[in-house]
Amino acid sequence: MNKIVNDFSITVGTKNGSGSSTANNTLLRSIFKMGIPISGKNLFPSNIQGLPTWYTIRVNKDGFIARRDHNDIVVALNPDSFARDLASVLPGGAFYYSDDIKQPITRTDVAIYPMPIRTIVRNDPNVPADFRDLVGNMVYVGVLAETIGIDLEKILVALSFHFKGKQKPIDMNFNAVKAGAEWAKANLEKKDPFRLEAMDKTDGLIMTDGNTAAAIGSIFGGVQFAGWYPITPASSLAEALIDYLPILRKREDEKNTYAIIQAEDELAALGMAVGAGWSGLRSMTSTSGPGLSLMTEFAGLAYYAEIPVVIWDVQRIGPSTGLPTRTSQGDLTFVYFIGHGDSHSIILLPGDVSECFDFGWQSFDLAERIQTPIFVLSDLDMGMNQWMSKPFEYPEKPMDRGKVLWEKDIEEIKGNWGRYLDKDGDGIPYRTIPGNKHPLSSYFTRGTGHDEHAKYTEESDKFLKNMDRLKRKNETAKQYVPAPISYPIEDATVGILAYGSTEAAVLEARYELDKDHGIKADFLRVRALPFTKEVDAFLAKYDQVFVVEMNRDGQMNQILKTEYPQYAVNFKSVAYGDGMPASAKWVREGILEKYEKATSNQRTAISKKTASKKAVGIAKKVAAKKVTKKVVAG
Amino acid sequence: MVEALPMAGAPTNINLAGLTKNDYRGNPSTLCQGCGHNSISNQIVTALYEMNIVPENVLKFSGIGCSSKSPTYFLNRTFGFNSLHGRMPSIATGGLFGDHSMRGISVSGDGDSASIGMGQFKHVMRRNVNMVYIVENNGVYGLTKGQFSATAERGLNLKKQGQNPYMPIDICMEALVSNATFIARSFAGNAKQVKELLKAALAHDGIAVLDIISPCVTFNNNEDAHHSYPWGKDNEHPIHEISYIAPRNEIMLDRELEAGESREVKLHDGSTIVLKNLENSYDPSNRYEALRVMEESQRNNWLVTGLLYLDTTRQNLTTQYNLVDTPLNRLTQADLRPERTAIDKVNALMF
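Protein chains in written order, with the working numbering: chain A, 1 to 634; chain B, 1001 to 1351.
These aren't lab readings, by the way, just hints derived from the structure by calculation. The beta-carbon is built from N, C-alpha and C at its ideal position, and this holds for glycine as well. One should not assume that every hint holds.
Derived CB-CB ranges, DEER-like [stated by the list, open to error]: (1) B:1052 / A:404: 27 to 37 angstroms; (2) B:1126 / A:200: 54 to 64 angstroms; (3) A:460 / B:1144: 52 to 62 angstroms; (4) B:1335 / A:132: 43 to 53 angstroms; (5) A:589 / B:1349: 51 to 61 angstroms; (6) A:200 / B:1335: 38 to 48 angstroms; (7) A:48 / B:1032: 50 to 60 angstroms; (8) B:1295 / A:169: 48 to 58 angstroms; (9) B:1326 / A:589: 53 to 63 angstroms.
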């Protein structure tokens, strides 16, 4: 039989709340420790117990670890999703199931492996009756270990980590793994091609989730205050702050340099964070779409009153309550223009968990430097799933506390300052911080119209001047926000622009487009709004730029068209949002659907931009005609 | 200036902080002539001046509405934040973490607190945030020109709105059931009581709610309206005469106390409130009794004023957080960024 080594997907179907997450994490972690690139994604319902849930793993020797749309190996433990799970295996794949599920096996084109999970667990006298279901999950880990070749030693490492070294649960679970493996060795005949073989491609990497990384990054950024309200998928970010702050900011006097408050709602969560930012603290909140809707009024206030605060939006799919446990990039335009009246947000777009860490600390520097809310848009996939990652790197830049005047500064300038006075011409004023004891330090903060000295005003010229300065401040921000990451290839004829957690899917799709279709695409992963000069340069190079994102309306595409009207005809939106993490398949198919061969050929022949623009127009007309013809013929 | 402490022979209008009353004033009011809120602003100025509180040691907060404009009319030297409608409590909660030695003075209204801000009002009570929470209560929306507020009594007639069909919300009762630690009610027309209650509130360590009936002379001052001057004057039932006695203030201690009729209540800072009971002996530390008095006053259409409830046993919010002595907003990178070796430690904690 042909062997397929280190290149397949495994999906486990269970019931929510059945305790399978330990087993699934053990699979993920042990394969990771074998040095094989891997990703694991929990596809779970909004429910505590009972509904079907899946965990999908992708192993790939070349490092393409985006979610796969198809399943090579399926483990079925849930009678409710059994038929669907069986149908989802690709021909030639493998299907494992718990043999207490008595349902018809309708496939002959896949390898079928019934597993006597209940019997094996019942026969272990060391497993108490009420632990049987939990420990039973480890049996399939053992069966897979034997049939696909997971190193048992690595499984032990994973279990030791999971149970924080507590011997009793480690033993109980590992015995179930071994029992599963022994049973499989004695009773199963391997009928599928999928095998694992140890590599060295994960050496030096860590594995963690984006929310944990964001929290730890924020701690290295010196977070002092967080107001938050529980919401999936953001809760674990604030909870990680609560877990790690006592460890990382422990002091000899056992006093605290921070405060975390669970607020009564998201209005208050951001309200508290804005209050703390105003009073000079490195302050943040974390939420998801519905929470951000509530935070809108405070976001507007913080923008207009120029208060530093960091807002993490771990995106889930809307509108409204939407699918609370599914991922999305659907909040981009909402955040970019958040609030009534004219406003522009500064947005950071981390693409992986190490960037969640980096933006964790960098966002505070930006917020205090620019004196404005900094939004960091992560998503459920990045925030809640375990990702392999390079280790966190200590911030090499000292903290930037921005333009702050303390008592001695006010004394030096003899109190001659204005809270909203643009002294440096960069749009960023100086601020004082409550608690400053100088009698000339105070000012009155308000969301109403104000002049350069923070005095109430309704005068048109003063209002306009202030609004112009705020816009200028946004221009200044371009020199501070993180530059995009460029993935150039030689002889590229088109560009792909994407952001956030779609990176793995885009890189894989780009490889396939080149290999299977001869389309060579340059790839730019944008990491911030406003756009920086690197984005300008990238867009100037290509007649076709595919804008890939996980939403319905192509929100980044909308913003690009507004900010770069001169390139508007070049942008081709590849937008898709069904709540699932991006896969290479939809990126590739989305690009192929929009790809225009004529223009890329024309481009080499016609050097002048205007001429090539014309070509785009002609090509479009031709395409339109073809479509018309088709319709007529049909 | 702060450093100009009074010397022998200094003019008597300079207080122990070395400041004149002018140092406590704000901008001229832009509210209506005769508005109860202006009188309250004046009493805030006087109370702080008399208590020798340095303006730089307090923070002002407000929401949106006529009442919320008033922080501009006192304490020009104090940082202030005129925030969003009904959201002052959250801004103040976060704002007071910057420097936990600061005391908040917050002004809200009945629309701001009892309607749009009810949620935040209740939660700031249970958190015991370290601030005076003044509700300038007039039963009406002034800035939007005379709509009913949630504290307006049932049956109240207003020019454009007709008759109010709903039962009112009682600020003090809401504060009590939300576990506030200092609850008082007063009437803007009773300037002396307002001042004494303000002083006691300022000395309290934790949230101090002052529900001050403050008539709206433009939209709600008919003789029979519960938030009007005439009604307030006719129906006010003070449960005691109140005096605030500052710690170690010898002049104030000379004041005669009438034994038997008075009750002293000690505050955290060593100061004392003396309650001279007018009718029955009223114990403000008894939560059940406070509820009974409020219920009784509702049934009898009385405006019961005075210190309704006081609990000095609970820690304020920032104290509960066991913060370092240095104000958090004076901490630097050395205090806030874990040292370099911590990065290896934290990477080792990951899988």
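The hints, checked one at a time:
In this structure the supplied range 27 to 37 angstroms holds for residue 1052 (chain B) paired with residue 404 (chain A), their Cβ-Cβ distance being about 29 angstroms. Our hint of 54 to 64 angstroms for residue 1126 (chain B) and residue 200 (chain A) holds, since their Cβ atoms are close to 56 angstroms apart. Evaluation of the 52 to 62 angstroms hint for residue 460 (chain A) and residue 1144 (chain B) yields a failure: the beta carbon distance comes to about 23 angstroms. In this structure the supplied range 43 to 53 angstroms holds for residue 1335 (chain B) paired with residue 132 (chain A), their Cβ-Cβ distance being about 50 angstroms.
A C-beta distance of roughly 40 angstroms is found between residue 589 (chain A) and residue 1349 (chain B), which places it outside the suggested range of 51 to 61 angstroms. At roughly 41 angstroms, the beta-carbon separation of residue 200 (chain A) and residue 1335 (chain B) lies within the given 38 to 48 angstroms, and the hint holds. The hinted window of 50 to 60 angstroms between residue 48 (chain A) and residue 1032 (chain B) holds, with their beta carbons roughly 56 angstroms apart. For the hinted restraint 48 to 58 angstroms between residue 1295 (chain B) and residue 169 (chain A), the CB-CB distance of approximately 56 angstroms keeps it satisfied.
For residue 1326 (chain B) and residue 589 (chain A), the hinted distance range of 53 to 63 angstroms is satisfied, since their beta carbons lie about 58 angstroms from each other.
Violation of the numbered hints given earlier is confined to hints 3, 5; the remaining hints are satisfied by the structure.
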